[in-house]
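Here the protein sequences line up with chains A and B, keeping their order. Residue numbering for the first sequence follows numbering that gives the first Met the number 0, starting at 0 and increasing by one per position. Residue numbering for the second sequence follows numbering that gives the first Met the number 0, starting at 0 and increasing by one per position.
Worth flagging that the hints you see were computed from the coordinates, not collected in a lab. None of the values given here were measured: they were computed from a predicted structure. There's no promise every hint is true.
Unchecked claim - In silico lysine to aspartate or glutamate, EDC-like type, Cα no more than 20 angstroms apart, as pairs:
1. B:62 x B:12
2. B:135 x A:117
3. B:135 x A:9
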Amino acid sequence: MTTALGSSVERIRERYRLALDTAHEACVEGGAAGGLVTGPGGYAYASHRRLAACSRWIAVPIRQLVAESTGVACVRLPAAGPEQPSPEFGRRLLVAHADAVGAVARHAVDDLAGRTAEGRPLLARQLVQVAVADAVMLANETAGIAAQPEADAIVLATAFHRLVRGGRVLLRLFGGAGFLRDGPGGVLVTAELVGTLYLSGHRDG
Amino acid sequence: MVDLETVEKHAIDVAAELRGPDLVLDADPDTVAAHLDLPALRLHQATMIPPAHTEQPYRIDGKAVVGGSCLVQTVVTERLSYGDPGLVLVAPGPSLSGVVLDGLGDAAQQQAFYRRFTQRFTGPTWTFFALTEHGKGSAAAELETTLLPAADPGHFTLHGTKRYIGNGAHAQVGVVFARRAPGPFGIEAVLVDATAPGLTADLLPTIGLTGARIAQLTFDGLLVGPDMILGRTRRPSRRGLLGAREALHFYRPLLAARAIGVADAVLDHVRDARGWLPAAGQAQLDTLRARIRYTRDRVRAAASAVDAGSPPQHDIAAGKLGASRLAEEATLLAVELLGPTTLLEDPWLAKAYRDVRAFEIMDGVGDLHRLQVFQGVLRGVAR
Ligand SMILES: Cc1cc2nc3c(=O)[nH]c(=O)nc-3n(C[C@H](O)[C@H](O)[C@H](O)COP(=O)(O)OP(=O)(O)OC[C@H]3O[C@@H](n4cnc5c(N)ncnc54)[C@H](O)[C@@H]3O)c2cc1C
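In isolation and in its complexed conformation, chain B is listed as follows:
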């Protein structure tokens, strides 16, 4: 098994190859298929697959990278996002759905799901995680997508609309959260085949992260069999929305890592483009660098705690919010320092400037993270 330091160094090396494809992908998301053999994307996918489901591990100097760890994924995601956050988002792999499967799925469901990523000849598999509905993103317990009983006992049909779903426009499989009964425990997590009848995906015109093909998913009677309901033998309070919550706790350090990677890249970009800076500008840059180092340490500590089974929610919230704001501040400062025509003449920075605005919204808005930090203060656990 390869150690974390080696994985990080390797991720830094392979991230360099993401520059170039990122801009092509931004202009035309369908070109993603041409880049799937990049080691960066293969490494990224390998870190997401738990050892029990790994057929052919990704090797660095002959040693296997072990998947499934939040810390390893956080480190790799940050370093690859230095190359490009869009490509990492758009890459095939289990992603958030995998985390839900790990938490809720039974052995047969997990096996069927992960087989898609390990069988070499089935081609790349994209996944989606469909929780948000318009105006219900932060109030997930009130979601309205519904499972209605079908003619066959134990079967349902799925109805409703999900919005802002990453990879929603081209994924083959995904987890959908839908209501079977009133109340928070009436929500189920359902693994659906996106090619089945009853699902329409419409691409949404986003400001940035175009490669991620954010979509609206409309379910109109998609048939759900009992084997598609994740954790169906558990008590209602131990499945459904719990799976979404746990997956998001796992995923937030990764999202923070993405923002840190871009912020870091933007500051290096300014250094390379400008060389010398006036003292005030240099001081602003140095301050952002110091904040990046601090946030990186905090986020990695939180990821380790997630691996240890005790996710510190207020720390995760603080890390995710701090990192997304850093990425925005870095791009704003870069544009101020590089001059008024930068956004027209520097396509890489122009893309980062648009992309980073998503980070604070994705995975729960900033205000709710601030409130979570406050809860930590109340409980006397927030530093």
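For reference, chain A alone in the conformation it holds in the complex:
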């Protein structure tokens, strides 16, 4: 990976961390434990930066290697808030995840334009092109769903599960690089972990 592409992954990570922390900022209830929105079990994910600022609370760190390489950590708070975070928090997380998928799709375009097989850039392959298009359409659609006030927790959970699957298909475009923590896979796995905690609790049946 060239330095320019590496820095583009860092930008995606930074955007995701910022969106996660902003969601906490906007949705945390006054006086809530550590200034964090907690999910089921009293767990919370936030950027290292935000967690450091909330250190007066007794938070037990939960080791999450992949999230940590994205600059996000998980803690457990003894004085937890409600079991399910507010729908607004869920919406914001879903938008942040969709945004990351869209950004990784654009990153794939840059990456695959510079990689060749049989003398042609990988980006010239129709299979690759449609995979990028699918990912961008899914990201836009998910963000559109998250913006709808009618979308309840079950709709958000279902949209999250679709986004997880779509993100994984997208990562395959990077081949082995998609399995590295410091590549685009790291940030999408982090978004999966965060969404699993805060969004996936609602299931029909």
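Dock chain B with the ligand against chain A, hints included.
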């Protein structure tokens, strides 16, 4: 000689001992040395060594397990992966390099290679198979690692970088594919001693399968003598890349078996953790089980065909792709069914959730396998 059914039952028994060490190894790959005496790892290694090179066979009820068969390895790999796919990957043994040696090596090369695994006092030997370069994994014929002529006639120096190499960070020996001349037939398979000067291994930070210590290997002038070039007396079209292709055909059913073993284990894990499930969840689980049974049969049939000398490429591709997707779907479903804190409170499932993502990438990406199935349809041979 022990029959396949007995080997399978034995593999199921010994796989149970892999639970526990798997998590320790995930946290610290260097602890692998403490687990090398596990029967599961010894059985695994024994299935990889062809009878001609077996000194002390692994015995079940006094009968010898015969190594070298793709079907036996497929069955054993699946059942051991039910215990843990990471430990199986990280285990010492000839692995893919052995398959290349079997296909291309001359008698002296094979003997020297396998002696490492049969001499009891030399300690465990890990191997690597170094084909992939960044962005050239699927386009192996275009690889750029180079053999340059050295001062001594017939000798070369090796230059270039290989990426995502399993066991690359601690193997003692491995096969490297490198270019001696332009074109696909200008590629050689070279058996290198990883402790020789001119090789640096750097661990890559992977999302899962941490125990396998995936590495980047940089060759900077490692000296290659004529005896290190595999199949050097064959025609260029009958060595080099052909060895990689044949080894991968042999290996893909094993990789599929790994994915099936994990998928199966994940579904049992959900059953044990949840007991009762809502009807919709139970139906999803039952459907995955049915797909696992189907894929297992297909993969084993393909492995038998490999042993018979006629690898059905489209079937192997379909089996490998189907199995890797099953493993991913099983972990995703498990997390949906077991609830939002599962990935934080259930380390075994959290590990499987990360590990299985590798299967579709390893050994050639899914899109290329889909294209191979299409080729089978075109030729009228794909079912
Ligand atoms: C855990 C792990 C272990 C591994 N172990 C080893 C090992 O021990 N030894 C080793 O040599 N390698 C190993 N690999 C590497 C692996 O085999 C390669 O990553 C894989 O073959 C893909 O190659 P690549 O990463 O270069 O991706 P690329 O070949 O660049 O492919 C990226 C994407 O481009 C597209 N693409 C590529 N070619 C085409 C085409 N012709 N037509 C249409 N689309 C195309 C596909 O969508 C593909 O997903 C390992 C990888 C992992 C993740």
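(request) Would you list, in rising numerical order, the hints stated earlier that this structure does not obey? (result) 3
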